[in-house]
Structure formats: C-alpha cells, structure tokens
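A.B. asks: One-letter residues, chain by chain:
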Amino acid sequence: MVKCVEVGDAGLNDLFKGLLSSGAVDGLVVPQKSGKSVIYTLIADPEKIKNPVPFAPSFGFNAANSLRKWLIEDKILGVVFKPCEARAVNELIKLEQINPDAILLISVDCEGTFKNEDYTANADKIGDKLTGNIEGVELRAACTMCETKLGEIGDLGIAYMGLGGTTVIALNDKGEAALSKVEGLAIEDKEIDRSSLKAEIKSAGSAGRETLKKELERVNEPLKLLEVLNDCIVCKNCRDMCPVCYCKECFFEQPLGNPHGGDLLHIADTRGDVRIPPYSLFYHLTRAYHVCVTCVSCGACEDACPKGLPLTLIYPVVAKNVQDVFEYVPGTDLEEPLPLTTYEEDELEPR
Amino acid sequence: MGDEFEPKILGFTCNWCTYAGADLAGTSRIQYPPNIRIIRVMCSGRMDPLFVIKALTNGADGVFMGGCHPGDCHYTKGNYYARRRIVALREVLKAFGLDERVRLRWISASEGPQFAEEVTKMVEDMKKLGPNPLKEETV
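Chains as they are written, first to last, in this note's numbering: chain A, 1 to 351; chain C, 1 to 139.
The hints are simulated quantities; they were obtained by calculation from the structure and are not laboratory data. Note that beta-carbon positions come from the ideal geometry of N, C-alpha and C, so glycine has one too. Warning: the hint list may mix true and false statements.
[What the hints assert, rightly or not] With a straight-line Cα cutoff of 20 angstroms, these simulated EDC-like cross-link-like pairs (lysine to aspartate or glutamate) come out:
(1) A/Lys-224 <-> C/Glu-117
(2) C/Lys-94 <-> A/Glu-217
(3) A/Lys-224 <-> C/Glu-136
(4) A/Lys-202 <-> A/Glu-327
(5) C/Lys-94 <-> A/Glu-253
(6) C/Lys-54 <-> A/Glu-249
(7) A/Lys-213 <-> C/Asp-99
(8) C/Lys-54 <-> C/Glu-100
(9) C/Lys-54 <-> A/Glu-253
(10) C/Lys-54 <-> A/Glu-227
[To be verified] Partial selection, computed: residues in chain A whose CB lies under 7 angstroms from chain C:
(11) Lys-3
(12) Ile-201
(13) Gly-205
(14) Ser-206
(15) Ile-276
(16) Tyr-289
(17) Cys-292
(18) Tyr-328
(19) Glu-336
(20) Leu-338
[As the list claims (entries may be wrong)] Covered stretches of chain C (chain A as the covering partner; in silico rule of three or more C-beta atoms under 8 angstroms from a C-beta of chain A):
(21) 6 to 14
(22) 33 to 39
(23) 70 to 83
(24) 130 to 137
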C-alpha cells in the first residue's frame with residue numbers, strides 16, 4: 001500500500017503551487033514551456049507557475065548538474081526531475097555534493113527524450129507527453145538503453161505509465177509529509193503494482209543496450225578510438241555538463257593535465273610530437289574511468305559535445321559494463337555505498 | 001636478439017611487499033627480463049588509475065602493478081581498494097582494447113621467484129600482443 005493522490009495532468013499545476021504556498025518547499029525547479037521549447041525554471045513565487053510540462057520529452061542537459069554544491073541548510077528545494085536526473089541527485093548526495101535535507105526529490109515517469117533542439121523543431125508533432133514513436137525524430141541514444149523510466153526515485157513520484165490517470169505517489173515519509181501539507185489533496189491508500197511494466201522496460205532497455213554495445217565495437221582498438229577522437233577539441237564540455245563529474249579541481253585544469261608553454265614543448269621533446277590541444281585521448285580515458293561507477297547514463301555528455309562525438313558509447317555504455325561487475329545501479333539506493341569506496345575481503349579473484 | 005620487439009613495461013610496486021619481493025629477486029640473483037621499469041609507491045592503494053592511463057597513452061607496452069596479498073596490506077586495506085579500482089579500470093580499458101596491457105598481482109616480500117616469474121610471463125605476453133599501437137601515434 002502506498003499513499004497517493006490521483007491528480008490528473010490538469011491537477012499538477014495546483015500541486016506545484018500547493019507545494020510552494022504551503023511551505024513544503026521554498027523553491028521549486030520545474031520544466032516549463034517557453035514558446036515551443038522546454039526550459040527549466042527555479043520558482044519561488046507560486047503565481048509564476050504558468051505552464052509546467054514535467055513529462056515533456058525534451059533533454060538539453062541533466063538538470064542535476066545545476067544542483068552541485070547545493071549545501072544550504074535551512075531551505076528546501078523541490079525538484080521535478082526525470083529519473084536519470086533524480087538518480088544523478090542521489091549520486092551527488094552520496095558524494096556529499098548535495099545536502100539531502102535541503103531537497104525534496106520528485107521524479108516523473110519518462111518514456112524517453114529527444115534532443116532539445118529536435119523537440120523544439122517538432123514540438124507540435126510531439127506534444128507535452130510522449131505517446132509512442134514520433135516519425136522522423138529519433139530518441140536520444142542514451143534513452144534507448146534506459147532501464148529506469150519510472151518515477152520511483154526520491155521522495156515523491158509522479159506517475160502515469162500503466163496507470164489510469166496521472167498520480168502522485170509518496171515514496172517515503174518525507175514525501176508523505178510534504179504531500180500532506182498541500183491543501184485540497186485527497187490522499188488515499190492504494191495498491192500500485194507496476195512490476196510487469198518494469199520488466200518490460202528493463203528488457204527493452206537491455207535490447208537497446210546490446211545494439212549500442214555492438215556500436216561500441218567500432219572503437220575496440222586504441223587506434224580506432226583515437227580516430228574517433230580526432231575531431232575532439234578538448235573543450236571539456238562533456239565534463240562540465242556531466243552531473244556526476246563533480247571535482248572542484250579537475251586534474252585536466254591543472255598544469256600537469258593541461259600543459260602550456262614550456263611544459264608543452266617539453267612533452268613534444270620527449271615524445272617527438274604532441275597534439276594541440278594536448279591529451280584528448282588521455283582526457284577521455286581518464287574521464288571514462290572517473291565516472292564509470294556513478295554514471296547515470298543520461299547521455300548529457302553527447303548532447304554537450306559541440307563536435308557530435310558518439311560520447312554515449314564512450315561513457316554510459318562503458319560505465320554500464322563496469323556497474324555490472326559491481327552489480328550497482330547508480331542513484332537507486334541511497335544506503336548502498338559507492339563501489340569504489342568500499343570492498344569485500346573475498347571478491348574479484350582472479351583479477 | 002636483434003630486431004625482436006622488446007616491450008617497455010612500467011611497474012608500480014608497493015613499498016612493503018612487491019618492491020621487497022623484487023629486491024629479493026635481485027639479491028637472490030634470479031634472472032628475469034630487464035623490460036620492466038619499476039616505480040615504488042607506498043601502497044597499491046596509492047596507484048591512481050590515472051598513472052596507468054597516462055603510461056598507456058604515452059606508449060608504454062604494459063603496466064604491471066604489484067601489491068601485498070589480500071589481508072597483508074601494511075595499511076590494512078589499501079590493496080582491497082586497489083583491487084576494485086583496477087578491476088573497474090580494466091573493464092573500462094577492455095572496451096578500447098587496452099585491458100590486456102594492465103595487470104595487478106599480489107607478491108609478498110618473500111616471493112622473489114614469483115616476482116621474476118610474473119615479470120617473465122608479462123614480458124612474454126606483451127611480446128605476443130605486440131607493441132602498443134599508440135607508441136608511434138601523435139596523441
């Protein structure tokens with residue numbers, strides 16, 4: 001049994017307003033429609049909630065990225081996020097980049113997303129909620145391998161897949177407390193079982209993943225990878241837009257990782273030659289390792305790449321392989337320690 | 001000898017076990033190929049996978065890492081962390097065909113012969129694998 005409220009799509013507006021005006025949250029991050037596009041807004045005044053579209057299948061960046069260093073103590077921020085964004089929030093909580101007490105995490109069902117520019121161009125065709133395939137517009141690669149499409153992460157879930165109408169579900173005590181503060185909601189106890197839907201999503205996701213794994217084979221040799229990275233300009237935008245690549249002082253911003261002047265000449269002297277900007281291969285391999293256990297497979301890296309490199313292959317697909325080794329699904333369980341911060345005495349042998 | 005490919009292998013050995021094991025191999029006058037260049041680190045847990053990636057992208061043919069046997073770490077648990085890291089790193093490198101050039105072995109201070117054996121084996125394997133293709137590339 002779970003506490004839930006069936007609000008319908010029309011009731012979401014009131015729900016968000018209620019969360020703000022009841023003081024359950026001091027601010028609310030929610031995607032809203034602006035023209036034909038979807039923008040993320042941080043709202044403090046309930047009256048400013050005009051056109052929330054939490055289910056709109058548009059992905060420009062992972063909004064959890066903006067929450068890094070959300071460490072304030074006396075305010076609560078409500079966030080209405082897609083599952084991959086909500087999982088990134090949970091990972092950032094584990095990495096101590098977000099104060100969990102300062103967040104009310106609300107996740108929504110998501111059937112997959114389009115690049116935001118594709119969404120804007122086809123907004124009329126797609127609408128505010130994805131139902132089935134849209135001809136002529138392709139889902140983002142990362143979404144085709146997604147196994148966590150249900151809004152079951154965090155404190156509250158806003159669900160519609162496999163249900164009669166859009167329903168807000170309290171996922172824990174914190175969510176229930178927030179929900180009960182909102183006036184005019186008829187909270188009821190209900191049995192919600194979406195396990196068959198979950199299994200369906202999982203098998204579709206793993207089928208998508210197999211396809212991407214095949215594609216990954218095109219870089220299964222160092223020289224092939226180097227060739228793919230020929231177009232990389234080492235702008236490091238994939239790092240900046242990655243929600244879980246959080247280091248304040250990145251190695252590749254320091255003199256050793258970002259050599260200039262004489263250092264660069266010295267490298268050329270020892271090796272005979274060097275690319276400029278240097279270290280594209282070193283950078284990508286290191287980053288692939290750095291995010292390998294926390295990567296939530298959102299694909300924001302690929303969207304952020306100005307050169308259109310297939311970064312979904314290099315980051316999420318590779319990271320998933322590593323996560324399989326540790327049987328870890330990032331962002332789903334706050335209690336489970338990050339695999340590289342713990343160990344078991346008897347495991348992983350022979351290496 | 002002549003034109004036969006001689007791999008260059010970078011070795012990271014922990015101060016307390018594998019480095020002492022390598023030392024023992026030396027003082028016991030056990031023969032092993034001179035292809036390995038050893039860097040002593042205080043613990044296998046000190047070996048940042050970044051070192052490995054940098055060595056590989058700079059053209060090292062292999063990276064050998066040695067630590068204390070599980071349970072024997074001088075700092076109690078450094079080698080457990082190292083094991084997880086290197087397993088994760090090898091899984092990442094596997095996608096790009098570089099994982100076979102990286103290995104982590106447990107060699108204690110008394111295991112001079114085992115050190116020589118592991119190095120000999122690694123050199124043989126790297127010879128079979130051929131030179132690191134990144135060596136001749138502009139990276």
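A.B. asks: Hints first: check each against the structure and report whether it holds.
C.D. replies: Now the hints, each set against the structure:
| no. | hint | result |
| --- | --- | --- |
| 1 | A/Lys-224 <-> C/Glu-117 | 33 angstroms, violated |
| 2 | C/Lys-94 <-> A/Glu-217 | 11 angstroms, holds |
| 3 | A/Lys-224 <-> C/Glu-136 | 14 angstroms, holds |
| 4 | A/Lys-202 <-> A/Glu-327 | 15 angstroms, holds |
| 5 | C/Lys-94 <-> A/Glu-253 | 27 angstroms, violated |
| 6 | C/Lys-54 <-> A/Glu-249 | 18 angstroms, holds |
| 7 | A/Lys-213 <-> C/Asp-99 | 17 angstroms, holds |
| 8 | C/Lys-54 <-> C/Glu-100 | 16 angstroms, holds |
| 9 | C/Lys-54 <-> A/Glu-253 | 16 angstroms, holds |
| 10 | C/Lys-54 <-> A/Glu-227 | 18 angstroms, holds |
| 11 | Lys-3 | 39 angstroms, violated |
| 12 | Ile-201 | 25 angstroms, violated |
| 13 | Gly-205 | 19 angstroms, violated |
| 14 | Ser-206 | 17 angstroms, violated |
| 15 | Ile-276 | 10 angstroms, violated |
| 16 | Tyr-289 | 5 angstroms, holds |
| 17 | Cys-292 | 5 angstroms, holds |
| 18 | Tyr-328 | 10 angstroms, violated |
| 19 | Glu-336 | 14 angstroms, violated |
| 20 | Leu-338 | 10 angstroms, violated |
| 21 | 6 to 14 | violated (count 0) |
| 22 | 33 to 39 | violated (count 0) |
| 23 | 70 to 83 | holds (count 6) |
| 24 | 130 to 137 | holds (count 4) |
Violated hints, listed in ascending order, are 1, 5, 11, 12, 13, 14, 15, 18, 19, 20, 21 and 22; each of the other numbered hints is respected by the structure.
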